[in-house]
Amino acid sequence: MTFNLTVSPDFAPDHISGWYFFNTWLQRQLETGIHLELYDSFEAQRNDIRADKFDLIYANPYDASMLVRELGFQAIARPASKSDETVIAVNAESGFQTVEDLKAGARIATTDDPDVHTMGMIMLESADLDKSNTEIKEHSSYIVVAKNLLNGGADAGFFLKEAYDEMSDLIRSKMRVLVSSQISVVHHSLLVGPRMAEYIPAIQQAMLTMQDNEKGKSVLESMDVSHWEPMDSEQTEFMIDLIDTLID
Amino acid sequence: MSEQDTGEVRNVEIKYFDGTARTAAITDREVPYPDGKLIVSRTDPQGIITHANQAFIDMSGYSEEELIGINHYILRHPDMPAIAFKGLWDTIDQGTKWNGYVKNLRKDGAYYWVKATVIPNIRNGKLVGYTSVRRKPSRSKIEESEALYKTLLAEE
Ligand SMILES: Cc1cc2nc3c(=O)[nH]c(=O)nc-3n(C[C@H](O)[C@H](O)[C@H](O)COP(=O)(O)O)c2cc1C
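Chains as they are written, first to last, in our numbering: chain U, 1 to 248; chain G, 1 to 156.
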C-alpha cells in the first residue's frame, strides 16, 4: 500500500527539495511507499484533504483543527522552536507608525494562508478595522504582497513572519513592520491519519531521533528544522482550542 | 493611557460570589495592552486557573505560583458590573463561546482593558475546563464599554 503525504503550501520555496528528501528518508525508515504531493493553493489542498486523499500531513495550525476534530488525525511532532507568527508591514516611506494609524478604507494585501490572514485581521481590530471597512485583496504569494506594498497598491500587508524574514534584504529594506505577533504556542505540526495509525510509534521514533545520525541530520538541514519535538493529544487540543477562540 | 486617568489611589472592598472579599488599593492608571500578544489562561470547570502564559503573568503582575490554583476573580476590577460576568458564565455553561470587553485589575492596583473570548474545552464529549484568550481592544470599544459598565454599575 502506498500512503500519501502533503505539506501546507506556506513554507518557503527554498525548502521544497527538503520535503522530497524527508519523504525518501521516511519511506526507508518505515519500509513502505509514500507519495508526496505539493500544492500552490490552500483551497485546492483543503478540498483534497476533505476528499480523504492523505495519510500524512504537515499542516498549518488552522488546518490541524479540521484534521483532528473532523477527520480523526493525530498530531505527533512539531519542528523545534518554530512557531507561526504574523507580521503586518507597510511601505517604509508611508506615514503609518502604528496599526492604529490605519483608517477605514485601508487597502490590505493578504494571501489565502488561513492562519496568517486570521491573525492579521485580529491585529487590525485595535484600529477598529475589519472586513466591512477595509479593502482586502488576496494575492498568490508573500512576494506579491510585498510588491503591492512597494508599488503603492496596498497600505498594509500580512506576512507569515518566517516568510517575511526570508525575503531579500533589498525588499525588506523598503518595508517596515508595524506589528509582529508573539503567540508562540501556535505552530505547524505533522499529523497522521487513521489509515496510517499503526505506523505512529515508528514514525515518532524515527523523527525524534533523526538529528542523531548523519543522513537524518542532513535531511533536517535541508528543511531548515533543527529537530522535531513530540506532540501529545493534550498539546494539540490546547492549540486547537486557542485557534477556536480566534475564529468567529 | 485613558484620558480620564487621574493616577488617584482609592481603597475598595471587592466582594466575590463565593462570599469572600478583599480590600484592594485601586490606582486610576491604565497599562497599555502589549501589541501582537495574546493573554492566555485555562481553568478547570469551576474556573480555577490551571495555566497562564507569560503575557498573562506580565500584565496581571502576579507570579505563576500566585495564579495557579486561584479564581480569575483576583483580576476583577470594581468598575466591572456583576452582570457582565453573569453573562459570561451563563454563556459558557451552555457550552458556547463568550466574547466581551473586560477591565482587569493588576496586582499593583492599575488596570488594563482586554477583548476576551472564553470557550469550553470539551474532550471526548466531557467538559474539562475553559480557555480564555484576550487581545488588544480598540480605543472606541473601550470608551463604549466604560460608558455601558458605568450605567450598569449604577443600576446594581
Ligand atoms: C476562562 C475564564 C477566564 C476568566 N477571565 C477573567 C478575567 O480575565 N477577569 C475577570 O475579572 N474575570 C474573569 N473570569 C470570570 C471570573 O471567574 C469571575 O466570575 C469574575 O471575576 C467575577 O467575580 P465574581 O464571580 O466573584 O463576581 C474568567 C472566567 C473564566 C471561566
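Check before you lean on any hint, since a few could be wrong.
What follows is a set of in silico ranges between Cβ atoms, one per label pair, in the way DEER data are often shown [said to hold, decoys possible]:
hint, chain 1, residue 1, chain 2, residue 2, range
1, U, E37, G, E146, 50 to 58 Å
2, U, A51, G, I68, 30 to 38 Å
3, G, S63, U, E93, 49 to 57 Å
4, U, G95, G, D5, 42 to 50 Å
5, G, Q94, U, L38, 37 to 45 Å
6, G, F17, U, Y20, 57 to 65 Å
7, U, T209, G, V12, 52 to 60 Å
8, G, E155, U, K131, 44 to 52 Å
9, U, G95, G, V12, 39 to 47 Å
10, U, T209, G, Q94, 41 to 49 Å
11, U, K131, G, G87, 23 to 31 Å
A few chain U positions that, by computed beta-carbon distances, are all more than 10 Å from chain G [stated by the list, open to error]:
hint, residue
12, G33
13, L38
14, R50
15, S81
16, K82
17, D101
18, D112
19, E125
20, S181
21, E198
22, D212
23, K217
24, M231
25, E237
26, F238
Quick caveat, the hints were computed from the structure, so don't treat them as lab data.
Keep in mind that this is a model prediction, so the values were computed, not measured.
Using N, Cα and C, we set each Cβ at its ideal position, and we do this for glycine too.
Outcome of the hint check:
{"no.": "1", "hint": "U:E37 to G:E146: 50 to 58 Å", "verdict": "holds (53 Å)"}
{"no.": "2", "hint": "U:A51 to G:I68: 30 to 38 Å", "verdict": "violated (44 Å)"}
{"no.": "3", "hint": "G:S63 to U:E93: 49 to 57 Å", "verdict": "violated (44 Å)"}
{"no.": "4", "hint": "U:G95 to G:D5: 42 to 50 Å", "verdict": "violated (28 Å)"}
{"no.": "5", "hint": "G:Q94 to U:L38: 37 to 45 Å", "verdict": "holds (43 Å)"}
{"no.": "6", "hint": "G:F17 to U:Y20: 57 to 65 Å", "verdict": "holds (59 Å)"}
{"no.": "7", "hint": "U:T209 to G:V12: 52 to 60 Å", "verdict": "holds (57 Å)"}
{"no.": "8", "hint": "G:E155 to U:K131: 44 to 52 Å", "verdict": "violated (35 Å)"}
{"no.": "9", "hint": "U:G95 to G:V12: 39 to 47 Å", "verdict": "holds (43 Å)"}
{"no.": "10", "hint": "U:T209 to G:Q94: 41 to 49 Å", "verdict": "holds (46 Å)"}
{"no.": "11", "hint": "U:K131 to G:G87: 23 to 31 Å", "verdict": "holds (26 Å)"}
{"no.": "12", "hint": "G33", "verdict": "holds (34 Å)"}
{"no.": "13", "hint": "L38", "verdict": "holds (31 Å)"}
{"no.": "14", "hint": "R50", "verdict": "holds (22 Å)"}
{"no.": "15", "hint": "S81", "verdict": "holds (15 Å)"}
{"no.": "16", "hint": "K82", "verdict": "holds (17 Å)"}
{"no.": "17", "hint": "D101", "verdict": "holds (13 Å)"}
{"no.": "18", "hint": "D112", "verdict": "holds (22 Å)"}
{"no.": "19", "hint": "E125", "verdict": "violated (6 Å)"}
{"no.": "20", "hint": "S181", "verdict": "violated (5 Å)"}
{"no.": "21", "hint": "E198", "verdict": "holds (22 Å)"}
{"no.": "22", "hint": "D212", "verdict": "holds (31 Å)"}
{"no.": "23", "hint": "K217", "verdict": "holds (32 Å)"}
{"no.": "24", "hint": "M231", "verdict": "holds (16 Å)"}
{"no.": "25", "hint": "E237", "verdict": "violated (7 Å)"}
{"no.": "26", "hint": "F238", "verdict": "violated (7 Å)"}
In this structure, the hints that do not hold are numbers 2, 3, 4, 8, 19, 20, 25, 26, in rising order.
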